[in-house]
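Novice: Each chain is listed here by its residues.
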Amino acid sequence: MIVFLIFKTVLIAIILGLSLLIAMYATLVERKFAGFIQDRYGPDRAGIWGILQPVCDGAKLFFKEEYMPNTADKALYILGPSLTMLVALLTSAVIPWGGNIAIGGNNFSLQVASSSIDILYIFAITSMGVYGIMIGGWASNNKFALLGAVRASSQMISYELAMGLSIASVIMMSGTLSLSEIVHQQESMWNIAYQPLAFIIFFTCALAETNRAPFDLPECEGELVGGYHTEYSSMKLGFYLFSEYINMFISSAVISTLFFGGYHMPFINDLGLSQNVVTLLGTAFLFVKIFFFILLFMWVRWTLPRFRYDQLMKLGWTMLLPLALLNLVITGIVMLLV
Amino acid sequence: MSLTNRTKVVSNKRMSFLERLYLPAIFKGMVITMKHVFMKKVTIKYPEKTREFSEIYRGRHVLKRDDEGRERCTACGLCALACPAEAITMVAAERQPGEENLYREEKYAKVYEINMLRCIYCGLCESACPKEAIFLTKNIVDSEYGRAQFIYGKDKLVEPVEKDKRIDVSKRQTPEVLAFKKLPNERHNI
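Protein chains in written order, with this note's numbering: chain A, 6 to 343; chain B, 11 to 200.
Honestly, I wouldn't trust all of these hints.
Claimed, not checked - Lysine-lysine pairs mimicking DSS-like chemistry, simulated, CA-CA at most 30 angstroms apart: (1) B:Lys59 with B:Lys148; (2) B:Lys23 with A:Lys319; (3) B:Lys173 with B:Lys141; (4) B:Lys45 with B:Lys59; (5) A:Lys69 with A:Lys79; (6) A:Lys319 with B:Lys38; (7) B:Lys117 with B:Lys164; (8) B:Lys148 with B:Lys120; (9) B:Lys181 with A:Lys65; (10) B:Lys148 with B:Lys173; (11) B:Lys166 with B:Lys148; (12) B:Lys55 with B:Lys173; (13) A:Lys65 with B:Lys23; (14) A:Lys65 with B:Lys51; (15) B:Lys117 with B:Lys166; (16) B:Lys181 with B:Lys148; (17) B:Lys38 with B:Lys59; (18) A:Lys69 with B:Lys55.
What the hints assert, rightly or not - Short derived list, chain B residues pointing at chain A, Cβ under 7 angstroms: (19) Ser21; (20) Met25; (21) Ser26; (22) Val41; (23) Lys45; (24) His46; (25) Leu167.
Keep in mind that the hints were calculated from the coordinates and are not lab data. If you're wondering where the values come from, they're calculated on a predicted model, not measured in any experiment. Quick reminder that beta carbons are idealized off the backbone N, C-alpha and C, glycines included.
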């Protein structure tokens with residue numbers, strides 16, 4: 006029991022640290038990648054290849070003036086970014102980061118909390134994310150922030166529907182809500198082969214859920230001066246910006262888990278390695294997948310311009326939602342026939 | 011009838027199903043951006059590398075000395091008159107006996123100031139100068155913290171006396187330039 010607790014604590018610490026580290030370096034990768042796409046180099050002054058840039062950015066945010074508008078609702082103003090950050094970090098608990106690892110005769114799963122309702126948990130938590138933005142935008146007492154918050158909430162509501170429905174078809178196929186079970190079922194063939202449409206819908210909705218371009222209307226620096234975080238400064242702003250990257254990391258992890266076989270590596274079982282090595286290799290491979298999707302998120306962001314608001318709503322309600330429903334129906338029919 | 015052959019008729023026709031899906035177009039766009047990732051970068055990494063300047067770049071000014079190290083400027087004020095931005099001011103003074111090694115002409119500029127923020131680097135002062143005293147060089151004006159520091163006096167403008175520290179302006183003095191300066195409508199230059 007005590008070994009179990011220690012293992013879980015260490016795992017939590019590692020995952021927390023890793024999501025923060027990855028989010029930190031995702032900012033650098035994003036700037037670098039954006040630079041390369043635009044025929045520039047991106048930041049390369051702080052350390053070799055600019056690897057100290059995130060540290061500098063973080064330090065800058067810490068030392069910035071902590072400004073609070075005097076008309077703001079104090080408690081909610083602080084609650085907003087805290088909630089966003091909290092929600093962003095909570096989701097990683099149910100993601101299976103790897104198979105089982107054996108320490109001293111005990112078998113431990115590389116999943117912080119395995120329950121039978123992992124996906125429901127993720128949905129419940131990610132839909133809380135909009136509260137942080139809404140509360141922050143409302144508490145700022147600024148029209149731009151309020152507009153950004155309103156946009157964020159309506160966008161999230163409309164995209165969460167299609168997201169849920171696209172996942173429903175995956176759940177129908179695997180017959181379980183447990184992520185580790187879903188990963189386990191993908192050992193022979195990844196879900197993307199059966200559910201390509203669901204993947205496209207889910208990915209599009211994930212872009213909207215994480216407020217990334219082309220769906221970054223809540224921020225919208227062009228028309229809303231930064232949107233919901235207009236009035237934020239210092240580390241509160243840092244929390245908002247940072248949680249976006251953590252969300253991106255978690256979304257990539259969820260996508261890899263649901264559609265790309267999670268920690269399964271093709272042909273790994275044929276090599277005849279010991280269980281721990283297989284598990285660790287699988288985890289490494291999961292991270293390769295995650296990095297690929299993070300890069301894909303960035304790639305999409307720096308390719309596409311921002312949608313207009315009515316286009317965004319139209320896409321959500323008249324394209325993605327019917328497509329997700331159609332996918333659900335087709336999945337049902339195929340399951341009935343096969 | 012069009013001036014160029016690049017006219018494109020804009021149509022507002024309904025998009026086909028494939029176009030309304032957006033996905034092929036998005037994919038095309040992503041291929042384009044990925045191509046750019048591997049393209050040559052246009053950035054010049056400044057402190058390590060500097061952009062190549064033209065030989066006749068018009069940068070910050072220099073007040074030339076003659077071969078014996080005397081200031082060529084005679085404070086005639088033609089440069090200030092020619093200056094479209096009114097960036098040049100000067101105060102003239104008479105050369106005292108014993109100062110022949112300092113100033114070439116009997117009259118010299120006691121104060122000579124160019125406001126580098128007003129200057130538009132057109133080079134008209136240079137073509138107006140009858141004494142070949144003022145030239146624009148390849149050097150660029152340094153950044154400063156205040157506006158006052160951008161008013162350059164003689165301390166910053168006059169080139170050093172030492173022969174090896176002189177600023178080479180021969181590229182801006184090509185035979186064509188010299189011939190141009192001797193044109194009848196530029197008579198004040200003779």
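Novice: If a hint holds in the structure, say so; if it doesn't, say that too.
Specialist: Verification of the hints:
no. : hint                   : verdict
1   : B:Lys59 with B:Lys148  : holds (16 angstroms)
2   : B:Lys23 with A:Lys319  : holds (19 angstroms)
3   : B:Lys173 with B:Lys141 : holds (19 angstroms)
4   : B:Lys45 with B:Lys59   : holds (26 angstroms)
5   : A:Lys69 with A:Lys79   : holds (19 angstroms)
6   : A:Lys319 with B:Lys38  : holds (23 angstroms)
7   : B:Lys117 with B:Lys164 : holds (16 angstroms)
8   : B:Lys148 with B:Lys120 : holds (26 angstroms)
9   : B:Lys181 with A:Lys65  : violated (47 angstroms)
10  : B:Lys148 with B:Lys173 : holds (18 angstroms)
11  : B:Lys166 with B:Lys148 : holds (15 angstroms)
12  : B:Lys55 with B:Lys173  : violated (33 angstroms)
13  : A:Lys65 with B:Lys23   : violated (51 angstroms)
14  : A:Lys65 with B:Lys51   : holds (28 angstroms)
15  : B:Lys117 with B:Lys166 : holds (20 angstroms)
16  : B:Lys181 with B:Lys148 : holds (10 angstroms)
17  : B:Lys38 with B:Lys59   : violated (35 angstroms)
18  : A:Lys69 with B:Lys55   : holds (28 angstroms)
19  : Ser21                  : violated (20 angstroms)
20  : Met25                  : violated (13 angstroms)
21  : Ser26                  : violated (15 angstroms)
22  : Val41                  : violated (9 angstroms)
23  : Lys45                  : violated (9 angstroms)
24  : His46                  : holds (5 angstroms)
25  : Leu167                 : violated (34 angstroms)
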